[in-house]
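> Line by line, the protein sequences are chains A and B. Residues 2 to 284 (the working numbering) make up the first sequence, in order. Residues 690 to 1612 (the working numbering) make up the second sequence, in order.
Everything labelled a hint here was simulated from the structure, so no lab data went into it. Note that this is a predicted model, so its numbers are computed, not measured. Glycine included, C-beta positions come from ideal geometry on N, C-alpha and C. Incorrect hints may appear among the rest.
Across the chosen pairs, the derived CB separations fall in these ranges [said to hold, decoys possible]: (1) A:Pro249 x B:Gly795: 33 to 41 Å; (2) A:Thr70 x B:Pro1260: 17 to 25 Å; (3) B:Thr1146 x A:Arg10: 56 to 64 Å; (4) B:Asp1144 x A:Pro249: 48 to 56 Å; (5) B:Gln738 x A:Phe87: 29 to 37 Å; (6) A:Leu227 x B:Pro1048: 49 to 57 Å; (7) A:Leu227 x B:Thr1180: 33 to 41 Å; (8) B:Asp782 x A:Thr70: 45 to 53 Å; (9) B:Asp1470 x A:Arg22: 30 to 38 Å; (10) B:Ser1053 x A:Pro249: 51 to 59 Å; (11) B:Pro1048 x A:Leu217: 46 to 54 Å; (12) B:Pro1471 x A:Leu217: 30 to 38 Å; (13) B:Glu1327 x A:Leu217: 18 to 26 Å.
To be clear about the criterion: a stretch of chain A counts as covered by chain B if any three or more of its residues have a C-beta under 8 Å from a C-beta of chain B, and this derived list gives those stretches [claimed, not checked]: (14) 5-17; (15) 105-118; (16) 133-141; (17) 249-263.
Calculated Cβ distances over 10 Å to all of chain A for the following chain B residues [claimed, not checked]: (18) Ala713; (19) Ser948; (20) Arg1000; (21) Asn1072; (22) Tyr1319; (23) Thr1360; (24) Ser1382; (25) Tyr1406; (26) Ala1409; (27) Arg1412; (28) Asp1416; (29) Gln1473.
These are the residues of each chain, in order.
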Amino acid sequence: MSAAATGYRPSATLPIGAEIRRQAARRRTQLALGFMVLLPLIVLLAFEFGGGEDDAESDQFASLVDLATSGGLNFALFSIFVSASFLLVVVVALFCGDTVASEASWGSLRYLLAVPVPRARLLAVKLIVALLYSLVALLTLVGTALLVGTVRYGWHPLGSTIAAEIPAGEGLLRLLGIVGYLAVVMLVVAGLAFLLSVLTDAALGAVGGAVLLWILSGILDQIEALGAIRNVLPTHYSEAWLGLLSTPMQTDDLVKGTIGAVCYATLFWGLAFWRFTRKDITS
Amino acid sequence: MPLPARLRRALPRLSRRRVLASSAVLALVAGLVGWAAWPERAAWTTTDQRLTVLSGPGGDQPIDLDTRFYLPRDISGRVPAVLLAHGFGGSKDSVADDAESLAERGYAVLTWSARGFGRSGGQIHLDHPDYEVRDAQRLLDWLAARPEVQTDAAGDPRVGVLGGSYGGALALLLAAQDTRVDAIVPMITWNDLGRAFLPQSADVATSGVFKKGWAGLFFGSGAGPAERALAPGAEPVPPAGGDPACGRFAADVCAAYLSMATTGIPDARTLQVLRRSSPAPVLNRIKAPTLLVQGAVDTLFPLSEADANARGIAAAGTPVRVAWFTGGHDGGLGPQSDQDRSRFLTAQWLDHYVKGSGPAPATSFTYSRVAGFSALDRGLVTNGYSDPTYPGLGGTGRTDITVAGPAQPIANPPNGNPGALSSLPGVGERLTTLLGGVAGDIPGQFATFESAPVDRTVEVVGAPTVRLRAASPTGTATLFVKLYDVDPAGTETLSAGLVAPVRLTGLPATIEAARPVTVTLPAIVRRIGAGNTVRIVVSASDQAFLTPAQPTTYTVAVEPAVTLPTVVGTPIANPQVIWRYVLAGLLLTLAVGMVTVLLVRRRRARRLDHPVADEDAGTPLVVRNLRKAYDDGFVAVEEISFSVERGQVVGLLGPNGAGKTTTLRVLMGLTMPTAGEALVFGHRLVPGAPILSRVGALVEGPGFLPHLSGYENLRAYWRATGRPWADARFDEALEIAGLGQSVHRRTRNYSHGMRQRLAIAQAMLGMPELLVLDEPTDGLDPPQIAEMRRVLRQYATDGRAVLVSSHLLAEVEQTCTHAVVVNKGRIVAAGPVEDIVGESPSVQLDVSDVPAATKVLSGLGVRSVTPDGGTGLIVDMNGTPRTELVASLVRAGVGVDRVVPRRRLEDAFLALVGDNSRGSGDR
């Protein structure tokens, strides 16, 4: 005999749909997703009306900029390139870092726990939905860029100067691969932000803290004197997706990056669950 | 405040657990960093020594060599040796890394600065058999005399000779001259120095085109004074031979260079000098098994040099293996994967043929091809391939393609300026730039012959050939033939910057009369993708070469047939593949771990759902010996026990900080008790206990999503419970909230009272059997408070119960049936409100005559009369109606100014908790 009220099942509490609605109504969510649509449009306008100054950069990847207007695939690639290192990090940190901390700061967290939504379930649902929104943001960005880029610049093979042109069909698959890898790399940000979100009641602290630590890792990664230590930095393989642009694809770094990201994410999420299922909710 | 105390407050409180956890993390991080950064103890020892050996044509000229001897640290018995020679311009220091890694593998390694380099004496004789090679023979003698070095016979050390470029040629020449050498690994070196510096790619007997860029670099690096002359305090040493143009070069070498660089046509003496320094004539004498490592990005000693060496040595029946890598004099060490492969092949070769361990290495041919770009170190990535036997430069197969283009006139620029660019000699190790293509032709100076797009990918491995016809008004022509790979976008790439220089003589003046010559282009490793075109360019100039000074216009034509040698090698397993298995294993482990955790949790959750105390199954709430001490040692609740029965409205009364909220937090499963338990209908309350679904709560103020309206908040809350909509009874709850149309406004804009009402309504959603309200009337106005009292009393009917916490006496007295008074974390009184209040409420009177009034009242049968200030009296009525009391006083002529019913609970409360709650702390 269950002790609970009629109709109550722990596994039915806080359905994923309910959490999606909770987050969807927030201005923050709408703005973040809206910006993902806006960014490619801004980039497109910048290309259309911006001056055509030609800086001969030595960096091989400056070529990505030169190629950005050569087709929809390249435009989408460029949009990913400019947003991968910071914008996506912020957006993912926002979705994952804000989710628990904001409930705590509103005081609604304790009412969810009093429903009672089992703590592990609450975290799991929050995490899944935050990851879902992060993925939607990423796909929105790429999808919009692909759409407007194709409408404006046409459907052409994916070009890059580090390898031969990739036919459009395969190029699309590569692009999806890149998106997939980026999503995996972002798991580290997601893990870190989520952990901080559980540890603090200040949503801004969790989001900012995750972004700060990510940047710190990026800076440390630039210091070559650190040697082998750099290999375990979460940002070390964050640009390995560029390997998918060469032919044949260079996947070794992707594999290592994936291992790192999965390890970090597991560690952070594990800590978050461990902490949250034991801590006193005082907010 | 003293600083330490301040500091202690600013820092998180040290608890045992925190200290332990932080120490563990700190130790782990320190350990990892230390492990990564700790300098390893070298597994070898080194001895620097100047050896004076007798060398020269007669073997009687003393020469002072600067040597370093590496000996593995832990050796038992004698070890095999390696003689490690450096490249041109280097010294014993430039091979230190290789020496160390060989010493780690258990070899005694002798490195030395060749004569004319570093701090060794003598002049540069370009690997002259009587000088540099004889020096090395004397070093073999020295090695044989070392007690640590293994010998094959007296004076014959077990030794391998290793070297790159200048050192590689020395290895070949030494092995040819001295049979004591057991194995050699010459890397990126020459076969014929004459051909290397005067390459001729056409099948004609004419001498080639002077490779002025590289030759100048070579000569320049030997032109300065010797290093020992630069040492502080050293006497200025005049240039050897007294000629400032010659630097440290021996006179004959210097003269050869000067003559060759002036005319571009070698004289007999020059040819003799170059031939003397070349392994080509003596290859048949090499008996030591040879591993030839040659770079594919090398415009100085291209792959054809190693090919000639391989053929010459193999002809004598000596085991030869050839390995190409993506690197060389232009490309540097190449990508890490290639360096690893070369190192592995070298170690395998030496281990078998020198150390005598390991199976015989295969004689398969290995090479690598650029596969793409590494995003991380921004370097090239190559894939390794192997083929069972070395195919030479002709490949194992061939693809013929057809190029088209008319005969074209091209201009030779005077003095080669402006000239086409193909490679950048000496810029060094710019692998990416080279493969990206720095090549550029000067308009008017080149002719183009292009193929149709190739219909399938061609894996070119080897030297393509074309047939060229040329006409020149002067009868001679210096031409450069190049093969460009042109992708569909039009980007042309000159593989590794390699060109085929051709010097033709006896040419007719018109192209019609010209006879074709076969031009063998430099060997390359390149994948020409389907859809790309092959472009043959014949140029009259190249900055790396010496071209005729006179302006001339040639006419050139290329025959349509171009032969591309191909090899389809077997990919060499990439050691990085191991990480894929690691990843798969990791994901599998995580999946298994996750399933395990879920199963364990499910079992634990099922346990939570069983009642622990059947005797309490009917009681909404039983709190037993509850104690809560926080991590920092603060005890919020000492010990509290009470119960809430069905139908009761229980007030939890206490001053601020008495422990009320902490108690309620435990009841909501937000906080774990340190000791004791709370049971709801016999179920122990722990975080997430399903029984909490029968409890409605308002704890520590409302908590709503600010961006939703009140109504949406209630709906969102109910959605989170996962229970049927019908059970929620929204209408009743909304009526209790009483928000009217405001319920559709965002809660962000609500007043405190509105939120409070909404929160109470939320707590009542689903009409839970136990309602726990923390300060419910906070922020409500008096009519709402009155309404709330009614609602709560009514709520407790039907077997439900309400627990209300408050610090307001009146509220508890008027709302509750029972009260629990807490102070400083302990219960000071509990029971029905009437019991605590007493049956007889007292009255406070202000009268004109206190003694008279006391007398009158005593006669009325009241319980007690107590003076209160100057004109006041407190009367415990004991059931006497107030009207009668006032009437009696008035009748006795006592004036009554004021009659105030006196709250007994306040008395009780003050008596119980003391007049002030100072010191109770913030609970």
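> Run every hint past the structure and note whether it holds.
How the hints compare with the structure:
1. A:Pro249 x B:Gly795: 33 to 41 Å: Check passed, 38 Å falls within 33 to 41 Å.
2. A:Thr70 x B:Pro1260: 17 to 25 Å: Cβ of Thr70 (chain A) to Cβ of Pro1260 (chain B): about 37 Å, so the range 17 to 25 Å is violated.
3. B:Thr1146 x A:Arg10: 56 to 64 Å: holds (60 Å)
4. B:Asp1144 x A:Pro249: 48 to 56 Å: Since the Cβ atoms of Asp1144 (chain B) and Pro249 (chain A) sit about 20 Å apart, the hinted range of 48 to 56 Å is violated.
5. B:Gln738 x A:Phe87: 29 to 37 Å: violated (57 Å)
6. A:Leu227 x B:Pro1048: 49 to 57 Å: Cβ of Leu227 (chain A) to Cβ of Pro1048 (chain B): about 40 Å, so the range 49 to 57 Å is violated.
7. A:Leu227 x B:Thr1180: 33 to 41 Å: Given range 33 to 41 Å: holds, Cβ gap about 37 Å.
8. B:Asp782 x A:Thr70: 45 to 53 Å: Hint holds: Cβ distance 51 Å, inside 45 to 53 Å.
9. B:Asp1470 x A:Arg22: 30 to 38 Å: holds (34 Å)
10. B:Ser1053 x A:Pro249: 51 to 59 Å: Violated, at about 22 Å.
11. B:Pro1048 x A:Leu217: 46 to 54 Å: At 50 Å between Cβs, range holds.
12. B:Pro1471 x A:Leu217: 30 to 38 Å: With a Cβ separation near 56 Å, Pro1471 (chain B) and Leu217 (chain A) fall outside 30 to 38 Å, so the hint is violated.
13. B:Glu1327 x A:Leu217: 18 to 26 Å: violated (45 Å)
14. 5-17: Holds: 11 residues of the region 5-17 of chain A have a Cβ under 8 Å from chain B.
15. 105-118: holds (count 12)
16. 133-141: violated (count 0)
17. 249-263: holds (count 10)
18. Ala713: holds (13 Å)
19. Ser948: Its Cβ never comes within 10 Å of chain A, the nearest being 41 Å, so this holds.
20. Arg1000: holds (33 Å)
21. Asn1072: violated (8 Å)
22. Tyr1319: violated (8 Å)
23. Thr1360: At about 4 Å from chain A, Thr1360 (chain B) fails to clear the 10 Å cut-off, so the statement is violated.
24. Ser1382: violated (4 Å)
25. Tyr1406: violated (7 Å)
26. Ala1409: About 5 Å separates Ala1409 (chain B) from the closest Cβ of chain A, which leaves it inside 10 Å; violated.
27. Arg1412: With a cut-off of 10 Å, Arg1412 (chain B) comes too close to chain A, as the shortest Cβ separation is near 4 Å.
28. Asp1416: Given a closest Cβ separation of 6 Å, the condition is violated.
29. Gln1473: At about 21 Å from chain A, Gln1473 (chain B) clears the 10 Å cut-off, so the statement holds.
Going down the numbered hints, you'll see the structure goes against 2, 4, 5, 6, 10, 12, 13, 16, 21, 22, 23, 24, 25, 26, 27 and 28, while the others check out.
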